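Trainee: These are the residues of each chain, in order.
There are 2 protein chains.
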Amino acid sequence: MSQKQFVTQIADINDNFTQWYTDVVLKTELVDYGPVKGTMVIRPYGYAIWENIQKDMDRRFKEAGSKNAYFPLLIPMSFFTKEAEHVEGFAPEVAVVTHAGGAKLEEPLAIRPTSETVIGTMYAKWIQSYRDLPVIMNQWCNVMRWEKTTRPFLRTSEFLWQEGHTVHASEEEAMEETIKMLNVYKSFMEETLAIPVFTGRKTEKEKFAGAVATFGLEAMMLDGKSLQVGTSHYLGQNFSKAFDIKFLDKDSALKHGYTTSWGTSTRMIGGIIMAHGDARGLVLPPMVAPIQAIIVPVAAHKGGVIEKCKELETELVKAGIRAETDVRDMSPGWKFNEWEMKGVPIRIELGPRDIENNQAMVMRRDTLEKTAVSLDGFADYIVELTKTVQKDLLEKSRQRRDAKIVEADSLEGILQGVEDKKFVKAGWCGCRECEDKVKEVGQATARVMCDEEGVPERCAICGKKATHKVIFARAY
Amino acid sequence: MSQKQFVTQIADINDNFTQWYTDVVLKTELVDYGPVKGTMVIRPYGYAIWENIQKDMDRRFKEAGSKNAYFPLLIPMSFFTKEAEHVEGFAPEVAVVTHAGGAKLEEPLAIRPTSETVIGTMYAKWIQSYRDLPVIMNQWCNVMRWEKTTRPFLRTSEFLWQEGHTVHASEEEAMEETIKMLNVYKSFMEETLAIPVFTGRKTEKEKFAGAVATFGLEAMMLDGKSLQVGTSHYLGQNFSKAFDIKFLDKDSALKHGYTTSWGTSTRMIGGIIMAHGDARGLVLPPMVAPIQAIIVPVAAHKGGVIEKCKELETELVKAGIRAETDVRDMSPGWKFNEWEMKGVPIRIELGPRDIENNQAMVMRRDTLEKTAVSLDGFADYIVELTKTVQKDLLEKSRQRRDAKIVEADSLEGILQGVEDKKFVKAGWCGCRECEDKVKEVGQATARVMCDEEGVPERCAICGKKATHKVIFARAY
Chain Z
1 MSQKQFVTQI ADINDNFTQW YTDVVLKTEL VDYGPVKGTM VIRPYGYAIW ENIQKDMDRR
61 FKEAGSKNAY FPLLIPMSFF TKEAEHVEGF APEVAVVTHA GGAKLEEPLA IRPTSETVIG
121 TMYAKWIQSY RDLPVIMNQW CNVMRWEKTT RPFLRTSEFL WQEGHTVHAS EEEAMEETIK
181 MLNVYKSFME ETLAIPVFTG RKTEKEKFAG AVATFGLEAM MLDGKSLQVG TSHYLGQNFS
241 KAFDIKFLDK DSALKHGYTT SWGTSTRMIG GIIMAHGDAR GLVLPPMVAP IQAIIVPVAA
301 HKGGVIEKCK ELETELVKAG IRAETDVRDM SPGWKFNEWE MKGVPIRIEL GPRDIENNQA
361 MVMRRDTLEK TAVSLDGFAD YIVELTKTVQ KDLLEKSRQR RDAKIVEADS LEGILQGVED
421 KKFVKAGWCG CRECEDKVKE VGQATARVMC DEEGVPERCA ICGKKATHKV IFARAY
Chain R
1 MSQKQFVTQI ADINDNFTQW YTDVVLKTEL VDYGPVKGTM VIRPYGYAIW ENIQKDMDRR
61 FKEAGSKNAY FPLLIPMSFF TKEAEHVEGF APEVAVVTHA GGAKLEEPLA IRPTSETVIG
121 TMYAKWIQSY RDLPVIMNQW CNVMRWEKTT RPFLRTSEFL WQEGHTVHAS EEEAMEETIK
181 MLNVYKSFME ETLAIPVFTG RKTEKEKFAG AVATFGLEAM MLDGKSLQVG TSHYLGQNFS
241 KAFDIKFLDK DSALKHGYTT SWGTSTRMIG GIIMAHGDAR GLVLPPMVAP IQAIIVPVAA
301 HKGGVIEKCK ELETELVKAG IRAETDVRDM SPGWKFNEWE MKGVPIRIEL GPRDIENNQA
361 MVMRRDTLEK TAVSLDGFAD YIVELTKTVQ KDLLEKSRQR RDAKIVEADS LEGILQGVED
421 KKFVKAGWCG CRECEDKVKE VGQATARVMC DEEGVPERCA ICGKKATHKV IFARAY
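Just so you know, the protein sequences line up as chains Z and R, in that order. First residue of the first sequence: 1, per this note's numbering; consecutive thereafter. First residue of the second sequence: 1, per this note's numbering; consecutive thereafter.
Keep in mind that the hints are not guaranteed to be accurate.
Chain copies aren't distinguished; within one or between two, either way the pair holds.
DSS-like cross-link-like pairs, simulated, lysine-lysine; straight-line CA separation at most 25 Å [said to hold, decoys possible]:
1) Lys255 to Lys391
2) Lys464 to Lys302
3) Lys225 to Lys335
4) Lys180 to Lys464
5) Lys421 to Lys104
6) Lys27 to Lys465
7) Lys404 to Lys27
8) Lys55 to Lys318
9) Lys27 to Lys67
10) Lys55 to Lys225
11) Lys104 to Lys308
12) Lys207 to Lys148
13) Lys404 to Lys148
14) Lys335 to Lys67
15) Lys310 to Lys67
16) Lys310 to Lys387
17) Lys55 to Lys205
18) Lys464 to Lys310
19) Lys125 to Lys62
20) Lys67 to Lys318
21) Lys302 to Lys241
22) Lys250 to Lys82
23) Lys205 to Lys421
24) Lys125 to Lys37
25) Lys67 to Lys55
26) Lys37 to Lys82
Derived by calculation from the structure, the hints in this document are not laboratory data. What you are looking at is a predicted structure, and each value in this text was computed from that prediction instead of being measured.
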């Protein structure tokens with residue numbers, strides 16, 4: 001298969017970004033469609049990214065004082081009705097088990113769309129005294145939300161995620177936790193996924209069903225649209241009152257706790273694809289890439305080439321690099337294309353002449369730069385290079401994003417910015433009508449509020465006094 | 001709370017083993033009952049054991065050439081009917097989703113009780129040529145089997161597990177994989193859980209629904225009953241024919257693949273509890289213990305004690321030990337009892353006098369032996385001690401088990417052995433009637449066949465020619 005043929009398997013990234021995305025996720029074997037409409041199968045290459053994400057995040061959660069646990073998949077339908085906003089938000093998306101063990105169930109059971117209700121029930125049982133607080137737990141699990149239009153990683157009926165759930169003795173402490181975890185997420189997105197994010201409070205319309213306040217993390221994709229890659233919710237006493245999470249405080253008074261929840265999902269993999277990819281396919285940040293360096297033998301049939309490649313692989317693996325040698329019976333050119341499409345950060349080419357010259361050719365996937373590198377101290381070079389690539393990817397994403405942010409002081413300005421595939425910062429009066437108008441006319445939503453940048457005098461939509469500064473954008 | 005009061009929270013292990021088990025799992029906060037009947041919540045102390053199990057097993061799987069993936073939770077009911085034995089075995093236990101997104105589904109969906117059917121469907125799509133084989137994948141996930149009588153870890157409607165699914169070009173290779181993974185499990189059980197296991201082929205009656213042959217791992221619990229802690233199935237072409245998993249072989253002929261599957265679950269945690277526990281509660285093998293060494297300050301209010309404990313903790317953590325200092329405002333005696341109940345392998349007591357003498361008191365949970373240990377080279381001592389405890393636990397379990405194995409050459413002999421809470425090895429003619437008789441009269445089942453030990457001349461039950469040597473035991 002010629003290089004040309006190979007590359008044209010993927011739709012043009014500038015011409016049809018949506019098709020490019022679908023082509024990339026399927027052809028790089030990250031994912032496939034499951035037999036049930038709206039479900040996905042995460043294939044080994046995609047799942048390995050998820051494992052790298054989990055490992056890194058899990059360490060951060062534990063450092064932040066969280067412990068993992070596991071709560072049941074099935075939740076009695078009646079639990080949802082205990083928190084009015086929550087049931088309204090989730091009931092339409094729930095998948096319901098009505099029969100089990102060959103008989104009709106007395107009460108239908110929901111497959112968890114999120115676990116506030118069942119975890120709240122357990123917390124109510126476990127928490128007695130202020131000495132039991134704070135409670136900080138996380139679970140890695142699958143959740144189910146029946147969606148009409150689905151896309152792999154971005155919106156599927158079942159997806160994998162983590163959900164943290166905490167209880168605190170005071171409002172201040174719970175709010176502190178909400179912001180702390182928002183920042184844990186932000187550091188992770190930037191340091192590990194190399195994706196810069198805007199963080200901020202969501203509007204009432206966009207907040208989580210049942211939250212007092214939702215804080216979101218918004219990342220700009222290559223097409224200028226925003227992807228919500230994580231959320232952290234301050235739930236106040238909404239769930240503690242609905243589920244009776246009470247504790248005996250130091251002053252001997254029985255009080256309701258203050259709860260938070262925070263989550264991120266396999267959606268982040270969609271974010272990686274759409275934040276870093278290019279015409280050739282995936283560009284994976286080294287920290288999450290299943291293979292960080294692929295070694296391709298050139299003139300592999302010549303004596304000593306495969307052996308030298310394997311030697312190099314061992315050296316790299318010892319230095320902590322996820323390295324592999326591609327020994328398949330295919331041409332180097334074919335392999336170059338495949339590994340470029342699969343986004344492996346570093347390609348190492350090694351042939352008889354390289355061995356003679358005590359060097360290897362090293363190509364960076366992100367810049368496509370190719371350099372001859374001495375085999376003396378080679379592993380150190382590659383270790384450093386992974387760090388450089390990681391850093392450069394974040395910087396490049398940040399520059400690309402920052403060039404696509406505009407400010408607007410009129411509805412027309414907002415609409416023009418959105419039409420230009422940009423994030424638009426604008427003053428907002430805080431009313432639902434203005435927010436809805438941007439959606440109706442421009443298909444854009446309020447992503448987060450960034451009041452700390454300074455609130456403009458006027459609402460860009462209605463001209464009344466502004467109470468917030470909002471980032472408007474089209475979103476996934 | 002006095003020591004006496006504390007210990008009596010747990011039922012007598014000799015008097016009422018069942019209640020002892022329930023008391024231990026609940027009071028050590030490994031687990032709690034979920035709101036839906038038959039479900040469990042795995043609490044942080046229990047989940048940390050699962051995380052240690054996963055980490056260790058996952059490494060072994062990857063070394064054995066397996067890659068992780070994730071397949072959908074929901075399976076169309078029609079998939080089950082494609083393999084006749086499979087549907088018969090699992091249909092009665094399935095939980096069924098009939099409604100989702102506010103509407104009745106066209107086809108009801110099963111929550112996976114196991115994933116052969118959905119994974120087989122995907123494999124059929126992915127596999128074209130002999131070059132695509134073998135396929136070796138594993139998934140860590142939740143599964144659902146609606147059970148009438150449930151007990152935490154041992155039998156719950158939902159549980160966590162891993163399921164490996166492989167496809168091979170030949171019968172030999174598939175059978176090799178089945179046995180290879182059986183042995184990976186066996187090594188894990190013995191090296192990591194310190195639980196000796198019998199491995200062997202299951203009888204037709206006891207095999208997996210849809211398998212050609214099932215190989216099981218059977219561990220003796222403290223009460224002499226057997227716990228099946230894992231299974232590895234050779235599925236032949238049963239599933240490849242049902243799901244059309246075909247490949248173009250080297251000889252250009254289109255052939256059905258040969259498949260295997262293998263699984264272990266959170267049930268293993270039940271096995272740890274019932275293989276090592278004692279009157280005081282849990283006894284955890286160091287390799288899976290969430291806390292390997294607990295440091296308890298004595299006379300903590302005295303200057304320098306807490307500081308020295310923390311110093312020791314840092315030293316131990318640096319040496320790779322999961323160590324914690326218990327700084328709670330409770331008496332040392334209270335803490336001793338709690339950590340004994342929770343099965344922490346090593347307890348370290350440190351008071352002002354110990355500091356003066358440059359030593360600490362070290363207690364082994366498994367033997368309850370207490371020794372004064374010099375603080376010079378202390379971390380090395382503890383590292384070694386964890387290895388010794390791990391080794392001794394396996395040895396102790398093996399001796400205890402081997403003392404409870406008898407041979408029988410009559411039905412009476414089998415029944416007497418079972419009544420004495422032993423494993424009974426006996427000749428068997430291979431017929432279902434004889435197998436059923438042991439079950440009816442003695443409530444014992446054929447656990448595995450151990451023909452390699454030499455098949456006795458006669459069936460112990462009917463006296464006809466024996467074709468197998470079987471281990472009979474009562475089982476969980």
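Trainee: With reference to the structure, classify each hint as holding or not holding.
Mentor: Now for the hints, and whether the structure bears them out:
With identical chains, the CA atoms of Lys255 and Lys391 are never at most 25 Å apart, being 47 Å at best within one copy and 49 Å at best between copies. In this assembly of identical chains, the alpha carbons of Lys464 and Lys302 never lie at most 25 Å apart, being 76 Å within a copy and 65 Å across copies at closest. In this homomeric assembly, Lys225 and Lys335 never come within 25 Å of each other (Cα to Cα): the closest approach is 33 Å inside a single copy and 55 Å across copies. Taking identical chains as interchangeable, the C-alpha atoms of Lys180 and Lys464 are never at most 25 Å apart, the minima being 34 Å within one chain and 73 Å between chains.
Proximity of Lys421 and Lys104 under a CA criterion of 25 Å is satisfied in neither setting, with 51 Å inside one chain copy and 39 Å between copies. Proximity of Lys27 to Lys465 under the C-alpha cut-off of 25 Å is found in neither arrangement, the shortest distances being 51 Å within a copy and 58 Å between copies. Taking identical chains as interchangeable, the C-alpha atoms of Lys404 and Lys27 are never at most 25 Å apart, the minima being 30 Å within one chain and 57 Å between chains. For the identical chains of this complex, Lys55 and Lys318 are neighbours both inside a copy (20 Å) and across copies (20 Å), given an alpha-carbon limit of 25 Å.
In this assembly of identical chains, the alpha carbons of Lys27 and Lys67 lie at most 25 Å apart only when taken from different copies (18 Å versus 37 Å within one copy). When the C-alpha separation of Lys55 and Lys225 is checked against a cutoff of 25 Å, the pair qualifies neither within a copy, at 28 Å, nor between copies, at 38 Å. Proximity of Lys104 and Lys308 under a CA criterion of 25 Å is satisfied in neither setting, with 64 Å inside one chain copy and 61 Å between copies. For the identical chains of this complex, Lys207 and Lys148 are intra-copy neighbours only, at 21 Å inside a copy versus 41 Å across copies, given an alpha-carbon limit of 25 Å.
For the homomeric pair Lys404 and Lys148, neither the shortest alpha-carbon distance inside one copy (31 Å) nor that between copies (59 Å) is at most 25 Å. In this assembly of identical chains, the alpha carbons of Lys335 and Lys67 lie at most 25 Å apart only when taken from different copies (21 Å versus 43 Å within one copy). Taking identical chains as interchangeable, the C-alpha atoms of Lys310 and Lys67 lie at most 25 Å apart only when they sit on different chains, with a minimum of 21 Å there against 40 Å within one chain. Within a single copy, Lys310 and Lys387 get their C-alpha atoms as close as 23 Å, which meets the 25 Å cut-off; across copies the closest is 34 Å, which misses it.
In this homomeric assembly, Lys55 and Lys205 never come within 25 Å of each other (Cα to Cα): the closest approach is 34 Å inside a single copy and 42 Å across copies. In the homo-oligomer, the alpha carbons of Lys464 and Lys310 never lie at most 25 Å apart, since the shortest distance is 68 Å inside one protomer and 59 Å across protomers. For the identical chains of this complex, Lys125 and Lys62 are intra-copy neighbours only, at 24 Å inside a copy versus 40 Å across copies, given an alpha-carbon limit of 25 Å. In this assembly of identical chains, the alpha carbons of Lys67 and Lys318 lie at most 25 Å apart only when taken from different copies (21 Å versus 31 Å within one copy).
For the identical chains of this complex, Lys302 and Lys241 are neighbours neither inside a copy (73 Å) nor across copies (43 Å), given an alpha-carbon limit of 25 Å. Taking CA atoms no more than 25 Å apart as the test, Lys250 paired with Lys82 passes in neither setting, with 28 Å inside one copy and 62 Å between copies. Taking identical chains as interchangeable, the C-alpha atoms of Lys205 and Lys421 lie at most 25 Å apart only when both belong to the same chain, with a minimum of 23 Å there against 64 Å between chains. Taking the shortest Cα distances, Lys125 and Lys37 sit within 25 Å of each other only across copies (16 Å), while inside one copy they are farther apart (38 Å).
In this homomeric assembly, Lys67 and Lys55 come within 25 Å of each other (Cα to Cα) both inside a single copy, at 14 Å, and across copies, at 16 Å. With identical chains, the CA atoms of Lys37 and Lys82 are at most 25 Å apart between copies only, with a shortest distance of 20 Å across copies and 31 Å within one.
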